[in-house]
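**Q** Given chain A's structure and the hints, the job is docking chain B onto it.
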Amino acid sequence: MTRRTLIGLALAAGALLVTSKVRAADTPPSHDQMVELLKQVDDRQRNNGDWRAGAYIEQKEKDKVDVVYETLYFRRSQDQKFMILFTKPKSSAGQGYLRIDQNLWFYDPSVGKWERRTERERIGGTNSRRSDFDESRLAEEYAPTFEGEEKLGSHTAFKLMLKGKPGLDLAFPMIRIWIDKDTHNVLKRQEYALSGRLLRTSYYPRWKKVFSESKHGEVWYPEEIRFYDEVEKANSTLILIRAVDLHPLEANLFTKAWLESKSR
Amino acid sequence: MSKFLVDLNIALRSLIQHSRRALFLGSAIGSVTALLILLVGLSTGIRETMIDTATTLSSGHLNVGGFYKVTAGQAAPVVTDYQRVLEVVKQSLPEMAFAVERGRGWAKIVSDTGSMQLGVTGIDIQQEPRFPSVLQISSGKLADLAEPGTILIFENQAEKLNVKVGDALTISAPTTRGSNNTIDVRVVAIARGIGLLSSWNSFVPMASLRALYQLNQTSTGVIQVMLRDQFVPRIPELAARLRIDLEKGGFRLLTPDPRAFWFKFQSVAREDWTGQKLDVTSWEDELSFMMWTLQALNGLSFILVVILIAIVIIGIMNTMWIAIRERTREIGTLRAIGMQRTGVLWMFLLESMLLGLFGTVAGAALGLAVATGLNALHIHVPISVQFFLMSDHLHLAVHPGAIIFAVVLITFITGIAAIYPALRAARLKPVTAMQHFG
Chain A
1 MTRRTLIGLA LAAGALLVTS KVRAADTPPS HDQMVELLKQ VDDRQRNNGD WRAGAYIEQK
61 EKDKVDVVYE TLYFRRSQDQ KFMILFTKPK SSAGQGYLRI DQNLWFYDPS VGKWERRTER
121 ERIGGTNSRR SDFDESRLAE EYAPTFEGEE KLGSHTAFKL MLKGKPGLDL AFPMIRIWID
181 KDTHNVLKRQ EYALSGRLLR TSYYPRWKKV FSESKHGEVW YPEEIRFYDE VEKANSTLIL
241 IRAVDLHPLE ANLFTKAWLE SKSR
Chain B
1 MSKFLVDLNI ALRSLIQHSR RALFLGSAIG SVTALLILLV GLSTGIRETM IDTATTLSSG
61 HLNVGGFYKV TAGQAAPVVT DYQRVLEVVK QSLPEMAFAV ERGRGWAKIV SDTGSMQLGV
121 TGIDIQQEPR FPSVLQISSG KLADLAEPGT ILIFENQAEK LNVKVGDALT ISAPTTRGSN
181 NTIDVRVVAI ARGIGLLSSW NSFVPMASLR ALYQLNQTST GVIQVMLRDQ FVPRIPELAA
241 RLRIDLEKGG FRLLTPDPRA FWFKFQSVAR EDWTGQKLDV TSWEDELSFM MWTLQALNGL
301 SFILVVILIA IVIIGIMNTM WIAIRERTRE IGTLRAIGMQ RTGVLWMFLL ESMLLGLFGT
361 VAGAALGLAV ATGLNALHIH VPISVQFFLM SDHLHLAVHP GAIIFAVVLI TFITGIAAIY
421 PALRAARLKP VTAMQHFG
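Residue numbers (our numbering), protein chains in the order written: chain A, 1 to 264; chain B, 1 to 438.
Quick caveat, the hints were computed from the structure, so don't treat them as lab data.
Hints may be right or wrong, so weigh each one.
To be verified - Estimated spans, in silico, between C-beta atoms of each pair:
| # | chain 1 | residue 1 | chain 2 | residue 2 | range |
| --- | --- | --- | --- | --- | --- |
| 1 | B | LYS90 | A | ASP79 | 30 to 40 Å |
| 2 | A | ASP63 | B | ALA269 | 12 to 22 Å |
| 3 | B | PRO148 | A | ASP66 | 50 to 60 Å |
| 4 | A | ASP169 | B | MET116 | 21 to 31 Å |
| 5 | B | SER179 | A | ASP169 | 53 to 63 Å |
| 6 | B | PRO148 | A | LYS113 | 51 to 61 Å |
| 7 | B | LYS164 | A | ASP169 | 18 to 28 Å |
| 8 | B | VAL306 | A | LYS113 | 26 to 36 Å |
| 9 | A | LYS62 | B | VAL306 | 54 to 64 Å |
| 10 | A | THR255 | B | GLY178 | 32 to 42 Å |
Ideal placement from N, C-alpha and C gives every residue a C-beta, glycine not left out.
Excised from the complex, chain A in its bound form (with noise of 0.2 Å):
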């Protein structure tokens, strides 16, 4: 890692880290607010159609050479399907996630072996899960507490509280959220265990948007995200998702053969 980037980072982790007082609100918000706040969030992100985009995976790790993923990804709103494939590097290229009928499929072409994994699975073995690179369902998955305003750097935000529903399979079963209180795009994220445990600290600093024909509308993604490690300290990934989309995808391309004739 530069000096430069070093510097980099420090900033923008400073930018969104430095919180002011805490301003409680006036009159907290209702349950039904907060999820129709919720379904705001998941709106901006929604596009009711296909997408494809190339995602820029870093991971860093203590003591180990940071690891750099280049991926495709593709997800279709209509039947929540979804798939990553990597691209570079070369030990990596040809494995991919599948996602079909709710389950998440991961593939090695090197034992040319398909294997079930969970919500829970680290996507490259990075800090990163499915659910980050899909459309945003919160106001779907979770129930919402409402912990006041809080100022984020310049941004002022609502900060809740997300169980998770029962029965789902979800990456992670609580999440602290600050949701920007202008633009309603997510800021932060803190990701617990049911056990209250701190997992991962999560940074959106920068926000893009798309106009979508299939939505008639604008969608809005986060065009970095940063992950930081709360139980292995010195660990982080960042994510920049790159040449968005949205055209219709080819009718077959959600399925094992597809993602198996790509390591060919």
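**A** The following block gives chain B in isolation, referenced to the frame of chain A:
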């Protein structure tokens, strides 16, 4: 009868007359008896703890497990159509107290900081009344194990995986068809370690194990049969009967192999058959990998007891020599007034056996008191000892049978030890004996 009472009276009076010597020898005999009782109590205590813990955690008195092979090279520890198997078991074993079904698995358990390979046992906690009595839960609630997607682990595992109650774990294992499957579980209870069995075992609800291995409701891992107490010593006979009845019921059986099921994966996978084969094992088979601890303890106890008995024999013979030397004139007088040689022999034998009886009874009382005291103290044993003991405290099981055995054995040995000196005494000529000045 009256003659015997007279002899007994003489022997008793003689012991009282030589009370110092009798007390000294009686104490030695008593100490050996007490030690024998304590050693047998320790060995029996360990064995009983092992049976109790093992038959609750990982085995029944008898087990009907087996392997299912989709292809010749893959073996999964699964019993298909287990209700039909259970029917045969019920008919074959009227000695059965109850039976439970358990899932068997071996999987990779992954936490946020590490991973380890562990045995995963599927359990229906509501159907297992003895389970809570064996485990000591250090955090969480055992009852929560009734919820699907939960897990019970032991303290050493929680430490290695760096998890506490409420944290999530991912379990990954190959299904019967060879493809890897994964489930997420929440730690609901962490139990104190109970030795070897807790170092490699964990428990999940049966539904979660079925989800992991993609098993249907008619399949399970093993049927664990618990027998009524009085039938436990007859396990080999009952196992043989059950094997015959299962074969008559149309089930194929593996060749009897007295090892734990997870030792058999490779040998079963090498065999050229597919489908289901059942395996009938006893708790000793399933714990064969740790029975050596008990055998080693028994061996050590045996050597100690032999050494102690040898010391007692030498002590008795020596004391009898001294007694005969001191009482040579008395022997001569008795012979002169008409006592036969057999009478002299009998007199010394009776005296020594009476001494043995008093000594062993006192020793047995002492041994029983020490064992009861040690049990009442609940002595905590070091972790390294817990590993083999499968309990966190020392337990000595002293049964009436063991006490009677110790008393009879040591008294008998005391009598045997006195034969040669008594024979020498009986051979003395009355005239020579009466002229003796000792």
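**Q** Looking back at the hints listed earlier, which ones does the structure fail to meet?
**A** 1, 2, 3, 5, 6, 8, 10
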